[in-house]
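Given chain S, put chain Z in place with the hints provided.
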Amino acid sequence: MRSLTLPPRKIQQNLHAYVREHLPHLERVLCTGVPYTALAEAVLAAGFSKVPIRSIQNAVYQARKKQSTDGCSVVSRGAADQPQYGSSVWRGEGAAEAGNDGTAGLRRRFEELVRGPRPGSGEADELV
Amino acid sequence: MSVNAPGASGSIHIVMQGVEGVGTTFAALHLAQYFSDEGLSVAVFDSAPGGPGLAKYRALQARFRTFMVDEALDVERFEALVEEIREASGQVVVLDTESSSFFPLLHHVSSGTVLQDFEEFGRCLIVHCPLVGGVGGRGTLAALASAFETLPANGFIAWLNPVFGPVAFDGRPFEETKTFARMKDKLLGTVRLPEISGNMVHQMGMRQMTSRHLTHKEAMSVAAISLWDRQRFAGTRREIYGQLLAVLGRPGS
Numbered sequence: 001m002r003s004l005t006l007p008p009r010k011i012q013q014n015l016h017a018y019v020r021e022h023l024p025h026l027e028r029v030l031c032t033g034v035p036y037t038a039l040a041e042a043v044l045a046a047g048f049s050k051v052p053i054r055s056i057q058n059a060v061y062q063a064r065k066k067q068s069t070d071g072c073s074v075v076s077r078g079a080a081d082q083p084q085y086g087s088s089v090w091r092g093e094g095a096a097e098a099g100n101d102g103t104a105g106l107r108r109r110f111e112e113l114v115r116g117p118r119p120g121s122g123e124a125d126e127l128v
Numbered sequence: 001m002s003v004n005a006p007g008a009s010g011s012i013h014i015v016m017q018g019v020e021g022v023g024t025t026f027a028a029l030h031l032a033q034y035f036s037d038e039g040l041s042v043a044v045f046d047s048a049p050g051g052p053g054l055a056k057y058r059a060l061q062a063r064f065r066t067f068m069v070d071e072a073l074d075v076e077r078f079e080a081l082v083e084e085i086r087e088a089s090g091q092v093v094v095l096d097t098e099s100s101s102f103f104p105l106l107h108h109v110s111s112g113t114v115l116q117d118f119e120e121f122g123r124c125l126i127v128h129c130p131l132v133g134g135v136g137g138r139g140t141l142a143a144l145a146s147a148f149e150t151l152p153a154n155g156f157i158a159w160l161n162p163v164f165g166p167v168a169f170d171g172r173p174f175e176e177t178k179t180f181a182r183m184k185d186k187l188l189g190t191v192r193l194p195e196i197s198g199n200m201v202h203q204m205g206m207r208q209m210t211s212r213h214l215t216h217k218e219a220m221s222v223a224a225i226s227l228w229d230r231q232r233f234a235g236t237r238r239e240i241y242g243q244l245l246a247v248l249g250r251p252g253s
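Residue numbers (my numbering), protein chains in the order written: chain S, 1 to 128; chain Z, 1 to 253.
Capping the alpha-carbon separation at 30 Å, the derived lysine-lysine pairs in DSS-like fashion look like this:
id, chain 1, residue 1, chain 2, residue 2
1, Z, Lys56, S, Lys65
2, S, Lys66, Z, Lys178
3, S, Lys66, S, Lys50
4, S, Lys50, S, Lys65
5, Z, Lys56, S, Lys66
6, Z, Lys217, Z, Lys56
7, S, Lys66, S, Lys10
8, S, Lys10, S, Lys65
9, Z, Lys217, S, Lys65
10, S, Lys65, Z, Lys178
11, Z, Lys56, S, Lys50
12, S, Lys10, S, Lys50
If you're looking for bench data, these hints aren't it; they were derived computationally from the structure.
The shape of chain Z in the complex, shown without the other chains:
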């Protein structure tokens, strides 16, 4: 059976990274909003063992489903989550994970029958992985390479997050690395997050939005957020959505 398109209903998007604090939830947040704003029904799952992150965004109606217990994957909880994902066959699924679940998740999914099940039902699995520059940059690239080597997903998307400086590895951009060359057939594309670290005003505006757990749509109607901030949010959203459209194709098609 052929699987559905990466941006279509039924597709499953897992956002994962082995390094903590590099924008995994930020990527999941925008992914969920993108599908929702494009008119698709989205089932959002927040599995962060450290407590809800994405699930605090009420507009997303994310379900908090942690499956890690004492630093190990709890099979029963994970199977319950997989069952919910199976049932959400008419929706786009977005699953946000935390770094502590990275290896257990890779191991469990690659060694079990979860992927075969998804494929049998025509479910397309896409792995999203944020990459950063700076001190932890190499770790994020290694995590992407590990995910690629381990998971026979239908595609991968790298989110280049310049929050800690230019996303480069030993001075090379991602597209010039061996990791990129090795996985380019499975790499659907990259999403470059806008550079806002040099713009203090924009940073503060984004912080207003994320600390209140507002989606872009909600932020647009909050009077306390200035018109300038709202315009900047709109620009950021446009930039990210445009890239997602280019990578995933028109949702639903």
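For reference, chain S alone in the conformation it holds in the complex:
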């Protein structure tokens, strides 16, 4: 079973604030098909007591809504590549390599599309 590692919870930070703070990272995680059950385990490891999956789903939904009303309506590729989390979603391995069931190529391609061209690379954005 692959493990997902999330940043540690700050003192007295509630789940909604935590999800809001780390939403770009969580979006990246969710984009790779990570199930909420894995997210619940990672949230537990990050310092929360056992959280129902429904609560995490609700916190993500609310954070997305808040982002959209705050005007951050377009996914930030810069945010998705935040260096403090490294480039991999699954600690110790790239998400693309994480699929050992023949899906690695698909995941890699998907990540390329989500990431888009690197700034200054002169590459065209295939997606938008």
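Here is chain Z on its own, set in the frame of chain S:
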């Protein structure tokens, strides 16, 4: 052998997305109701590995058939599901999936003989993919592009869900993206979900309906749901059904 029309009996509709929580089940729910309300027999399958979603709507009589085990596609379970889909040749099939099965499903279906089998029996395969704006928006567009690149389906339908803000990518509407341009020959059309996020009353009404797992038809006869809410539901349904009719053509024809 030619395949049947996208809205005809025998057609297979898979609702999929690589991003969690963007309205996949909502799209499947309305798709299933649309065909059913148009008088077609519908076989609804709920494959969500996280537990039943669509299968909680009793009126749809959805069959809960998860095929993911420990984050991988279980071939035996999937083949059993495919067999049920094959047998439902006189029905419209609606299959709801969850994001964790997105890549395994794409890989398995594209590398196996499932699609050839369906085509041999004249079964039309349509992939439905919800797109959202906001933080995860680009991921949803990438998922649609991945599905298009991988699956030789007969057609694709994009569901534009404004729940997290306008559905735009780097400021461009879907129709102005390269993804749209690349796939337009296979894109049967788009379904724009009504904007209800700015209307708190409508949102609460919809929540009443979905939290009770009621179809539109059922909600119309629940006394506890106000007349105003019922009217709003009817408007939402009309809006979605009208677009599905335009995209899929008259069911059964």
